[in-house]
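S.K.: Letter by letter, the chains look like this.
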Amino acid sequence: MLKATIDTETFRESIDAVAALVTECRLHIDGNGVRTRAVDTANVAMVSLQLDRDAFETYEATPEDIGLDIAKMKNIIGMMGKDDLLSLSLAEGSHKLELAFGSYQYSVTLLDVNTIRKDPNPPTIELPGRVELAGSALSSAIKAADVISDKIALGIDAKADLFFMAAEGDTDHIKLELNRDQLLALDAAEARSLFSLDYLKDMGKVMGRAERITIALGVDHPVKFIFDLAEGKGHVEYLLAPRIEAD
Amino acid sequence: MLKATIDTETFRESIDAVAALVTECRLHIDGNGVRTRAVDTANVAMVSLQLDRDAFETYEATPEDIGLDIAKMKNIIGMMGKDDLLSLSLAEGSHKLELAFGSYQYSVTLLDVNTIRKDPNPPTIELPGRVELAGSALSSAIKAADVISDKIALGIDAKADLFFMAAEGDTDHIKLELNRDQLLALDAAEARSLFSLDYLKDMGKVMGRAERITIALGVDHPVKFIFDLAEGKGHVEYLLAPRIEAD
Amino acid sequence: MLKATIDTETFRESIDAVAALVTECRLHIDGNGVRTRAVDTANVAMVSLQLDRDAFETYEATPEDIGLDIAKMKNIIGMMGKDDLLSLSLAEGSHKLELAFGSYQYSVTLLDVNTIRKDPNPPTIELPGRVELAGSALSSAIKAADVISDKIALGIDAKADLFFMAAEGDTDHIKLELNRDQLLALDAAEARSLFSLDYLKDMGKVMGRAERITIALGVDHPVKFIFDLAEGKGHVEYLLAPRIEAD
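These protein sequences, in sequence, are chains W, R and G.
In terms of UniProt numbering, the first sequence has 111 at position 111, counting the first letter as 1, and numbering is strictly consecutive.
In terms of UniProt numbering, the second sequence has 203 at position 203, counting the first letter as 1, and numbering is strictly consecutive.
In terms of UniProt numbering, the third sequence has 207 at position 207, counting the first letter as 1, and numbering is strictly consecutive.
Hints listed in this document are in silico derivations from the structure and should not be mistaken for laboratory results.
Honestly, I wouldn't trust all of these hints.
All copies of an identical chain are treated as equivalent in the list; a pair is satisfied when it fits inside any one copy or across any two copies.
Claimed, not checked - List of simulated lysine to aspartate or glutamate pairs, EDC-like, C-alpha gap at most 16 Å:
#1 Lys-82 / Asp-112
#2 Lys-72 / Asp-146
#3 Lys-74 / Asp-146
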């Protein structure tokens with residue numbers, strides 16, 4: 001059972017964060033809030049979303065797992081006004097999620113939760129390097145690299161005390177270096193891994209709106225991007241596997 | 001013969017209203033103004049447009065029927081500035097319509113009026129339900145329904161004293177209810193008919209700009225949308241046939 | 001050798017001016033500045049660009065010819081902020097042009113200058129008619145003609161003391177006349193030539209931003225469009241061959 005209201009912007013950002021990787025997900029609802037964890041079809045990237053009950057205007061729920069068609073949610077969100085308040089309602093044992101905003105009432109049939117991949121187990125990895133920067137800076141860097149390559153290296157030069165991203169095309173390359181003064185925070189452990197820009201472009205569109213992104217990095221290890229929604233009452237974490245560096 | 005000037009916005013809205021249904025039309029010109037009535041190729045929807053001579057800045061005409069390529073007019077309109085005054089001129093017996101605005105002079109060959117479908121006779125139907133609302137509200141409702149279906153029901157719930165629109169998808173549905181306070185006017189006769197969103201979407205783009213739309217409705221009957229252009233000196237009426245409700 | 005800084009807007013306009021006709025060019029660098037001259041693959045249009053050393057914030061160079069991939073430059077320019085300062089640097093004998101702006105550093109491999117067409121010789125032609133007008137007026141006229149035709153006539157009616165452009169479609173035509181009062185300058189020698197709108201559309205997008213365009217015209221002769229960049233410290237000239245007027 002779920003009976004909640006939420007401002008449409010928070011709902012939109014939450015759905016967008018998940019939609020960057022998957023078209024459907026298992027949503028876990030309980031008295032503390034709503035969360036989901038999903039892996040893309042190629043098993044390369046994982047998204048974890050947590051919306052605390054405080055992220056909602058009103059919130060009442062009993063534990064339940066539901067299957068949500070993320071693509072359909074995106075269409076419906078497109079109809080919402082900026083200042084609308086969205087009310088979500090799911091009766092005990094029902095398979096219909098009711099969404100109401102303005103004078104509109106949508107009724108959406110949920111997906112059978114058994115047809116959706118089980119929650120992935122987050123790998124236990126240690127990522128000693130840590131960088132904090134504005135989402136817009138990260139998003140620009142991803143776009144800049146995309147101009148000349150389909151891969152990007154992210155890393156920390158511990159000696160020079162800076163965060164870098166670098167991309168190599170067939171004949172060209174690009175490098176972006178941000179030192180401690182140009183970052184919001186830096187734990188300067190040596191790090192460097194290569195990532196697919198295909199994934200990063202979709203994530204970048206979502207992360208570009210965040211005021212502050214924490215990047216956790218290692219050497220030839222996955223990268224984690226961690227950021228907040230709804231003034232800290234929502235949390236998103238992306239995990240992206242590295243690509244092998246070919247010479 | 002026609003010799004007239006008109007502000008480009010009024011001309012643009014008039015052409016757009018007709019272009020939502022047909023690509024060419026018969027224009028009837030006489031001393032009282034200009035009017036046309038046209039049916040789409042599938043005979044599902046009809047548009048009637050009347051521009052009074054007062055809708056023009058200057059106006060002089062002798063009775064004549066001309067064939068107008070609406071699609072071509074739309075292209076030329078795209079070149080006009082917002083504050084341009086458009087002068088229209090058609091010499092006695094000529095097949096060339098001259099359009100002048102800014103420093104531009106277009107000369108457009110008219111279509112042979114005999115190759116264009118005769119004016120349809122408007123059916124005599126009684127539509128007892130009547131609703132008045134802002135064009136933007138109607139246009140939003142059409143877009144919202146389009147997200148989940150290709151048909152929309154429009155109706156009046158006389159007992160509940162409200163106007164509704166509803167759409168059913170394969171698994172989802174949407175409902176919008178507007179009560180007397182949320183409408184500009186309501187004649188609450190029971191009504192409900194189903195319509196194709198294909199047609200309504202094109203009409204909706206035009207109607208979205210109107211301050212006030214009157215909708216006339218019956219039970220499994222066509223719907224009429226009536227609205228003004230040019231501060232009441234132009235009038236548009238759309239008539240749309242209902243679709244059979246399949247169960 | 002080149003070591004220079006330039007504001008990104010001037011660089012962007014310079015690259016756009018060349019990109020309207022070609023995807024690569026030979027850039028001649030020396031102590032006085034940078035220039036290029038290139039002809040499109042069909043030998044119909046030529047662009048000449050000259051950027052004086054004063055168009056740069058700082059400038060130091062020894063004579064060199066380099067091969068520039070204009071299409072790639074356009075991609076990189078897309079990443080630059082409006083207020084960024086771009087620094088260009090090419091070491092003696094190097095084949096890598098370094099571009100730095102914001103915190104970004106791009107390294108771009110130059111094209112082998114021998115694979116790029118030699119500089120064309122500008123034809124010696126006399127074009128007695130001369131018109132000066134705002135770039136936006138010229139750009140609008142090109143768009144207006146494009147609605148009904150793929151060719152445009154540009155000319156001067158010496159008797160009527162006006163500049164005209166005219167286009168003929170299969171059934172329609174358009175004419176624009178600008179008299180001396182509507183122009184910035186006019187040398188009213190009789191002129192009329194026909195040009196392909198395909199070329200003019202691409203040039204028109206660039207010229208639309210110029211405050212003042214000089215057009216040099218003759219009878220069935222090429223047309224020259226001459227305009228400044230960077231407050232007169234950069235100069236662009238387009239030369240376009242006429243088309244045969246078919247009757």
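S.K.: At 16 Å max between alpha carbons, let me know whether Lys-74 reaches Asp-146 within a copy, between copies, both or neither.
M.R.: between (25 Å within a copy, 14 Å between copies)
S.K.: Regarding Lys-82 and Asp-112, is the shortest C-alpha distance of 16 Å or less found within a copy, between copies, in both, or in neither?
M.R.: neither (31 Å within a copy, 50 Å between copies)
S.K.: With identical chains, the pair Lys-72 and Asp-146 could be close in the same copy or across copies; at 16 Å between alpha carbons, which is it: within, between, both, or neither?
M.R.: Between copies only: 12 Å across, 29 Å inside.
Of the numbered hints stated above, the single one contradicted by the structure is hint 1.
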